[in-house]
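Build out the structure end to end from the sequences listed, making use of the hints.
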Amino acid sequence: MADDKDVLRDVWFGRIPTCFTLYQDEITEREAEPFYLLLPRMSYLTLVTDKVKKHFLKVMKAEDIEEMWFDFEGTSLKWHYPIGLLFDLHASNTALPWSITVHFKNFPERDLLHCPSNSVIEAHFMSSIKEADALKHKSQVINDMQKKDHKQLWMGLQNDKFDQFWAMNRKLMEYPTEEGGFRYIPFRIYLTMSDRPFIQKLFRPISPDGHTHTLGDLLKEVYPVAIPNDDESKRYQVVIHGIEPLLETPLQWLSEHLSHPDNFLHISVIPVPSD
Amino acid sequence: MSVSLLWAVDVYGRVYSLSTGGQQWEQCHDAVLEFKRVTAVQQCCWGIACDHHIYLNVHSSDVPIRYQEETYENQRWNPKDNFSDHLLPSDRWHWSDITGLEHQPLDSFLLPSTNWEWEGDWYIDENFGGEPTEKGGWTYALDFPATYTKDKKWNSCVRRRRWIRYRRYKATDTWAKIPSEGHSGPLPDPFNDISCGGWEISEEPRGRLSLWAVSLQGKVWFREGIHHHSPEGEGWEEVSLPGEVVQISCGPGDLVWAVLWEGQLIVREGITRDCPQGSSWVVVDSPNPEAGAIHVAVGDNVVWAVTKDNKVWFRRGINSHNPCGSGWIGMVGEMVMVNVGLNDQVWGISCVDRAVYFRQGVTSSELSGKAWKAVNVPRDGDIRSHSSASISSLHSAGCFFSGEVQAQSPPPIDPDEVALGEPEAKCPPPALVLSPSLSGGLGDPQWSNVDLEETQTHLAVGPAVVRGDSADTCSLSSVATYTLCQGEPYGADEHPLWAWVSGGGCGVNCHSQLNWFNSATALASSVQSMSLSISPAQTAAWRKQIFEQLSERSKREMDHFKHYEQAVEQSVWVKKGAMQWWRDWKPHKWVDVRFALEQFSGPEGNQDGILFLYYNFNEEKKYLHAFINEVTILVPVLNDSKHTFAVYTAERTKQRWPIRLAAATEVEMHDWLALLSVSCCDSRGIQGPPSKQAIWSVTCKGDIFVCEPSPSLEACPYPTPCDQMFWRQVGGHLRLVECNSLGVVWGVGYDHTAWVYTGYGGGFFQGLASSTDNIFTQTDVKCVYIYENQRWNPVTGYTNRGLPTDRYMWSDATGLQECTKANAKPPSPHWTWVADWTIDYGISGGTDREGWQYAADFPRSYHGHKTLKDFVRRRRWARKCKLTTTGPWQEVPPIPLSDVTIVLCGAQSSVEPIPLWAISNKGDVLCRLGVTLLTPAGTSWLHVGTDQPFKSISIGGANQVWAIARDGSAFYRGSVSSESPAGDCWYHIPCPERQKLQQVSVGRTSVYTVDQNGNLWFRQGLTPSYPQGSSWEHICNNVRKVSVGPLDQVWIIADKVQGSHSLSCGTVCHRLGVQPMEPKGQSWDYGIGVRLFNLTSNPDPNPSTCF
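Heads up: the protein sequence lines correspond to chains A and B, in order.
When you line the first sequence up against the working numbering, it's residues 1 to 275, in that order.
When you line the second sequence up against the working numbering, it's residues 1 to 1107, in that order.
Hints should not be assumed to be uniformly reliable.
[Stated by the list, open to error] Ranges between beta-carbon positions, derived for each pair:
| id | chain 1 | residue 1 | chain 2 | residue 2 | range |
| --- | --- | --- | --- | --- | --- |
| 1 | A | Lys148 | B | Ser551 | 32 to 38 Å |
| 2 | B | Thr779 | A | Asn93 | 47 to 53 Å |
| 3 | B | Lys576 | A | Leu202 | 37 to 43 Å |
| 4 | A | Lys147 | B | Gly361 | 49 to 55 Å |
| 5 | B | Lys576 | A | Glu63 | 43 to 49 Å |
| 6 | A | Lys138 | B | Arg801 | 58 to 64 Å |
| 7 | B | Lys170 | A | Val141 | 53 to 59 Å |
| 8 | A | Glu63 | B | His563 | 33 to 39 Å |
| 9 | B | Val667 | A | Glu31 | 54 to 60 Å |
| 10 | B | Asp812 | A | Met126 | 49 to 55 Å |
| 11 | B | His563 | A | Val141 | 38 to 44 Å |
| 12 | A | Lys148 | B | His563 | 48 to 54 Å |
I should point out that these hints are in silico values taken from the structure, not numbers from a laboratory.
Cβ atoms here follow ideal geometry from the backbone N, Cα and C, with glycine treated the same way.
Okay, structure coming up:
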């Protein structure tokens, strides 16, 4: 029988095969070969693309290089979103490998944050974890941890160490049994066609009368459009980690098992492809 | 959680019960009569019906109540008739009791009441002290009374034999009338109140209860002789009183309080083991001088009272030394009555809406609890009224989506105020408005106990509440239904109206998860809690969907792209910490060390690691290391001063000298243990739950371990040595564990609770190394014992002044360690005390009335009565402590077990029944029905009759069931098959010469037993046509326990195994050279010496790997 622990592993070891190609207008000394890489879904683009940078630097002049950034079919890819989320949101129904264009010029200041070093990613990652724990445990768990424990979470993500990360992260996933779940579920719902970056509200895993809240309950509350009416065909896909969980999946379980390392449940709502 | 019942009576006299696992009141349909009151304990419920007679409802159990009647047939030899019924005039009766003093012919035995039936006819007992006797069951002696032997000698002049017959209590799950007869004929007046309790006063006789009753004239009666074998009791005895009593309440222990007509309370004193009805009364004043008490309810250490103005009061300062307490505290809420159930939990009936309320937050440290909460479940057959459902959802809407939690707990309310404003009470708004005016406007309601007229006028005012005959009974029972119902906004069909509630049989505590308080009935969850076998969560569609989609995703996104480069390269990861280490060389002591675990990817991509221990020796930095893939077991060794654990490798097992480490805190130790355990499993490629072929064992501390058998374990001629087997821990706490090769695993706790295995994880393996479902809270209870020792001197008799050479006056069993009540500690920090010290009367050898055992000197054999030669005495004190942990175990209620056995292999399909036998803690032999792969917990017990209690049982191949009785004799059960799972009869197998057997284990064909002196015996001559075998053959000694596998592999727990550093106790050993033609094997292979004292083995059942 498959077990919940296997879900954690499957989620952690999710990889997206990616083909990086240099933007056609970039000036190169010779032709740039595309670069193929397995990107961890749980990580961040700028954290795992050192190899990409090295690969393209070989064919470029140093003076032509500014901060590296990526786009997919014209959409600039936000590094501060987990890779898996970017893929689900923008490319989930396209052919694999995922074709990402690499830029070294014309940084889209309006769309993207700068990422001068890994410590920026670390700061972003840790602030997400802290925010999530504020929702889950009034920050009690994260505040009880020591500096080295925080470091262990980050190093676990950075070095792709499942055991190292989860040895610490499990504490963030605990809750008093009598309460049946976290205080609030840290989640974000992303829409491709909206101007808002994402929806985030306070939502409890258990209703006041003791019912378990499900994914469907959450959507009904914060984004009812995503739920198909009885008579119409499905218009939206609700995707987490490249899969579409059933709407009756308990939210608490999702939060414990399908959250990203930043402890948020990142949910993409994307239109059903019209093929 | 074991399911138990809350009992209640509504105002129409209908009796209902509510199961802790259920969500609706079930009406007791077989009650022909209306009832006034009920008082429940775990095994039964007593009630007073409208005919004022007392009725008893004994809950049915898989083990019936049966009583063994015995009588002796005596004969004397004379030359003419040989042995005959012609006895000498000076002799005993031809039919007599064991002493010969009572005349007891077979036909003098009558059933005690119509609630009993005979199980069969009289038959002769052929077992004599564990030995089968000659045909006819005769035992011979020179003369009466004398020593009997089973062999007839030349000088045997008399003989006797024992006849036995069982009677069975048949009136279970039905209301059986108890004749109201005292010592001198029928009681003069009918009963008015009843209260049952007192089961904690004494364990002898088993299931003893105290039943107190109040008659209409205010007299109090005590029912005598109620115990397990006599559920109805024997007769009523009047208890003298200082006044007339209206109501009485009896707690689980020695607390008994009653209410007088005048409104004072009386407390019974002098209740002891020898005198359960107590000796005298003490008067306690009513909490409110203006309004006398009308109701009292007592528990273990609490007293609650209700006064005439319906205020609820809590008595402060109650304990076993002071049953009267010290003062009253007014509580919030107005109640008609309150009742204290198990664990001092409190139930009440509100005087406003007549609903049953539960007192939330009652714990041993906060006995008064926090708030009243309405039990809000429908009655069977009721259609839920929509109004109440919508009210509660209105209430809940308040904190929906608001940023902060709305005031969940009530604002502090002055006890003098009417307390219905509590949000928890979920009282509908009209009641909120009405109630203050009710108490304010009417002032002190004119309360009167027999004034029926007034009652009825008030009832007339209250619209459509109580009608007709039930009003009479209610008023007679002095439950004030009267003014309280005024302004009651509901019709009777709107809201259930309750008159009485009894929680004495309801095993809840403040942590229990109950589904009683939500109006919405989430039936699915109740189904989940009932079903032991498959939890719906595991098989829910959403979960399946996630598993399927994740594996699809892996296929889609990864399978074709494996040749791509990984974005992140693997690297070494180190975790460091500080610990203390028990130094390997002398002088042994704890030294500070730095501790590091280095993990890296092994050559085949699997994780591996090295453990480093850095220490200083003679100013020199040194280190010790162990490869993670060589670690064989990690054992937490809790003691009261340090949080320690031991790391074993094969080499260190041979030396009997593990790496012993101590962490600074318990949390730190658990972090390390979890991490080390995961990395050991990773390095060996072990993931997920134990396989079905796993070998299970428990340590003497109750920790549970499993070992994955490798195909080479039974390889011939070079099997894996025992010391290289890798054991990993599973959460939970058990005294023994049994498994079969199909993955069915049962365990028994120290408190005899039966548990069935559901998954893996729990304990300190939280989160990461644990399955999140199928992990349940597990508790275990055991006793810590200390001894009080005294010496006799001519001046003062027995005192606690011993000779200078004597043992400590408070000591452990050996007398070498001083153990006082104050300094004795629970076994580890995980255990907490749950009771106070009590005298243990159950110690072997017997005790006197104060628990003393006498002997000529320390340390000698002790006996339970004083003789002239006795100069010392001792008594044993016991204190219960409790462990709460988590593990993949679910309780199998309700029968406590002492042994269990599961057939090792056999069932091929998932629905084929798997034979499982057990022995209850009372020695009953039980056969579990309905055990299959899908339902490992089975459905019910089938009781298998025996003539004496049993202690060990084992079922092997071809349905061979062997068992050991408490007297040390062995039995074989005949004709056990899948058609007849319980078999037909017992065959008595003689013991080895002068040995009492202790434990038995049966493999495919082999039968091994261990006797009380640690000898291991093999049964010879077993053939399919003669499965009982012919004789016992001695194999070896110093054996504590034996376990035989499905291929007749033999595993033992051995004592006194020599290691290079020390002797070890409780070593797992494996018999080498076991062959089909040589089932006894040749020699032992000694394994881990971690004091594993129990084991069940069934390595790979695939014969090709073995033979």
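Comparing the hints with the structure gives:
1. A:Lys148 <-> B:Ser551: 32 to 38 Å: 36 Å, holds
2. B:Thr779 <-> A:Asn93: 47 to 53 Å: For Asn93 of chain A against Thr779 of chain B, whose Cβ atoms are near 52 Å apart, the range 47 to 53 Å holds.
3. B:Lys576 <-> A:Leu202: 37 to 43 Å: 39 Å, holds
4. A:Lys147 <-> B:Gly361: 49 to 55 Å: Violated, since Lys147 of chain A and Gly361 of chain B (Cβ atoms, about 38 Å apart) do not stay within the stated range.
5. B:Lys576 <-> A:Glu63: 43 to 49 Å: Distance hint for Lys576 of chain B, Glu63 of chain A holds at roughly 45 Å.
6. A:Lys138 <-> B:Arg801: 58 to 64 Å: Check passed, 59 Å falls within 58 to 64 Å.
7. B:Lys170 <-> A:Val141: 53 to 59 Å: Distance hint for Lys170 of chain B, Val141 of chain A holds at roughly 58 Å.
8. A:Glu63 <-> B:His563: 33 to 39 Å: The hint (33 to 39 Å, Cβ to Cβ) holds, given that Glu63 of chain A and His563 of chain B are roughly 35 Å apart.
9. B:Val667 <-> A:Glu31: 54 to 60 Å: Taking Cβ atoms as reference, Val667 of chain B and Glu31 of chain A lie about 58 Å apart, which means the hint holds.
10. B:Asp812 <-> A:Met126: 49 to 55 Å: 53 Å, holds
11. B:His563 <-> A:Val141: 38 to 44 Å: 41 Å, holds
12. A:Lys148 <-> B:His563: 48 to 54 Å: 38 Å, violated
Checked against the numbered hints listed earlier, the structure breaks hints 4, 12; every other hint is satisfied.
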